[in-house]
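Enquirer: Turn these sequences into a full structure, and let the hints guide you.
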Amino acid sequence: MNYTHGSLENEILKTIWMLEEIDESDVSVNDVQEVINRNSSSKRAYTTVKTVMDRLVEKNMLVRYKQGKKFYYKTVSSRDEMAQQAIKKLASQYFNNDMNSLADTIRSMSASVKECRKAELV
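The numbering used here puts the first residue of the sequence shown at 1028, with every later residue one more than the last.
Be aware that a few hints might be false.
Taking lysine-lysine and the BS3-like style, the derived pairs with C-alpha atoms no more than 25 Å apart in a straight line are [stated by the list, open to error]:
#	residue 1	residue 2
1	K1041	K1070
2	K1116	K1097
3	K1041	K1145
4	K1077	K1093
Label pairs and their calculated CB-CB ranges [said to hold, decoys possible]:
#	residue 1	residue 2	range
5	R1091	L1148	45 to 53 Å
6	R1071	K1097	14 to 22 Å
7	S1068	Y1092	43 to 51 Å
8	R1144	K1097	19 to 27 Å
9	Q1120	E1061	23 to 31 Å
10	N1057	S1034	36 to 44 Å
11	K1097	I1133	24 to 32 Å
12	A1138	K1097	30 to 38 Å
13	R1134	K1096	50 to 58 Å
No lab work stands behind these hints, which were simulated from the structure alone.
No residue lacks a Cβ here, since even glycine has one placed at the ideal position from N, Cα and C.
Expert: Right under this line is the structure:
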């Protein structure tokens, strides 16, 4: 499974996960386009959303199936499963599979963010 994707792919995945969590019903391109366009200043064309969703099918991140004359999509992995795979890939690429080093880096970054927030409040 290829977990590399662009910002629109990420937005589409997050939208489908949200729709699946709310309703667990079949998710169409129209459903995704409607949510994205409602929540964004830049409007996406139906064909753009469909093309990206079809690419996510090719990457085995979504499945597409037909009911009647209409196509619907479902995610292959949950948000947590995909996040775990991304974290494992990050650990492999940059930390020699050492999850403790990755965790140390995250803790260090978190501390830096907290310090910046404190400085902004002063």
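Enquirer: All hints are to be evaluated individually against the structure, with a verdict given for each.
Expert: Consistency of the hints with the structure:
Taking the CA atoms of K1041 and K1070, the gap is near 17 Å; set against the 25 Å cutoff, the hint holds. With a C-alpha separation of about 35 Å, the suggested pairing of K1116 with K1097 is violated against the 25 Å cut-off. The hinted pair formed by K1041 and K1145 fails the criterion: a straight-line CA distance of about 31 Å is larger than 25 Å. Taken as a hint, the K1077 and K1093 pair is honoured in the structure, with Cα atoms around 14 Å apart against an allowance of 25 Å.
Hint check: R1091 to L1148, Cβ distance near 48 Å, so the stated range 45 to 53 Å holds. At about 19 Å, the CB distance of R1071 to K1097 agrees with the hint of 14 to 22 Å. For the hinted restraint 43 to 51 Å between S1068 and Y1092, the CB-CB distance of approximately 32 Å leaves it violated. Hint check: R1144 to K1097, Cβ distance near 47 Å, so the stated range 19 to 27 Å is violated.
At roughly 36 Å, the beta carbons of Q1120 and E1061 sit outside the given window of 23 to 31 Å. Between N1057 and S1034 the beta carbons are some 21 Å apart, a value that contradicts the proposed interval 36 to 44 Å. A beta carbon spacing of about 42 Å between K1097 and I1133 contradicts the range 24 to 32 Å that was offered as a hint. In this structure the supplied range 30 to 38 Å is violated for A1138 paired with K1097, their Cβ-Cβ distance being about 50 Å.
Between R1134 and K1096 the Cβ separation comes to about 52 Å, which falls inside the hinted range of 50 to 58 Å.
Consistency note: the structure conflicts with the earlier hints numbered 2, 3, 7, 8, 9, 10, 11 and 12.
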